[in-house]
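Position chain U relative to chain L; hints supplied.
Residue numbers (our numbering), protein chains in the order written: chain L, 1 to 139; chain U, 1 to 138.
The hints are simulated quantities; they were obtained by calculation from the structure and are not laboratory data.
Everything numeric in this text was worked out from a predicted model, so none of it was measured.
Misleading hints may appear alongside valid ones.
To be verified - Here are some chain U residues pointing at chain L (derived, C-beta under 8 Å):
1. Arg84
2. Trp96
3. Ala99
For every residue, glycine included, the Cβ atom is placed at its ideal position computed from N, Cα and C.
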Amino acid sequence: MAESNFFGGLTGGLLIGLAAALLLLFNGRIAGISGILGGLIDANPISERLWRGAFIIGLVCGAAVYSWIHGGLPLQLQVRSSGLLLAGLLVGFGTRLGSGCTSGHGVCGLARSSPRSLVATATFIACGMLTVYLTRHVF
Amino acid sequence: MLPLISSFALGVLFSFGLAISEMIDPARVIGFLDVAGRWDPTLLGVMGGALAVTLPLFPWIQQRRKSLLGEPFHLPSQARIDARLIIGAALFGIGWGLAGLCPGPAIAGLASRSGGVFLFVLAMIAGQWLAARSTRAN
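Isolated chain L, as found in the complex (with noise of 0.2 Å):
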């Protein structure tokens, strides 16, 4: 991996907590990608995908975009096929289970000082440090 790029982190962060922040200020919702995806596959009524499917649609073009300015995206996968296939599984089922992901409890949880979203993200950190451990330092 390249030098860390601790700045560019902390810049992107400020936008992604902006972008949360506005979700909330304008549209009323917690901005948890998670639960955005996941009611766009059962919620209803349809005015409650629309706003999902929105969302979800810039996420998407928001990288084109970015993409397109940058000459391409910065993003080497680390595993092949089968090891796609299992960790979407498991973020798949897990987040669903455990009602959010990195920006849902990380994010949005923590800003709301809600203990659920504080055990969530320490228990997914932990689970995922032990995870890259075993896998690079282990087996």
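Only chain U this time, still in chain L's reference frame:
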């Protein structure tokens, strides 16, 4: 129509944040989670930057009776820390550590037109569907 435009625009802004911070790159995320290797603090900067905005603004926004576009606030109502929360977060953490992808960066990463990212997102949707099905059955 306005809520849809605002939702779309904020999806774009969120995505710029993911791209500029390089959180869209699984290598960055694995670098942060790899505490025994060459640890990469970038993700800590992202969380710090995001919380620097949301921590002061969320309580201030929630003092309003409804959102600017008229919708009431839709906030999670659960308060209990139960097994579902912890098992769910643990499974998510394992998947996150395996691939270095979580829902936001994976969806934004579709813009790379990488087949692997498509596969991950499809599996993620299948996983969500399975969880919704299995918890409804209980």
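To see whether the hints hold, each was checked on the structure:
{"no.": "1", "hint": "Arg84", "result": "holds, 5 Å"}
{"no.": "2", "hint": "Trp96", "result": "holds, 5 Å"}
{"no.": "3", "hint": "Ala99", "result": "holds, 4 Å"}
Checked against the numbered hints above, the structure breaks none of them.
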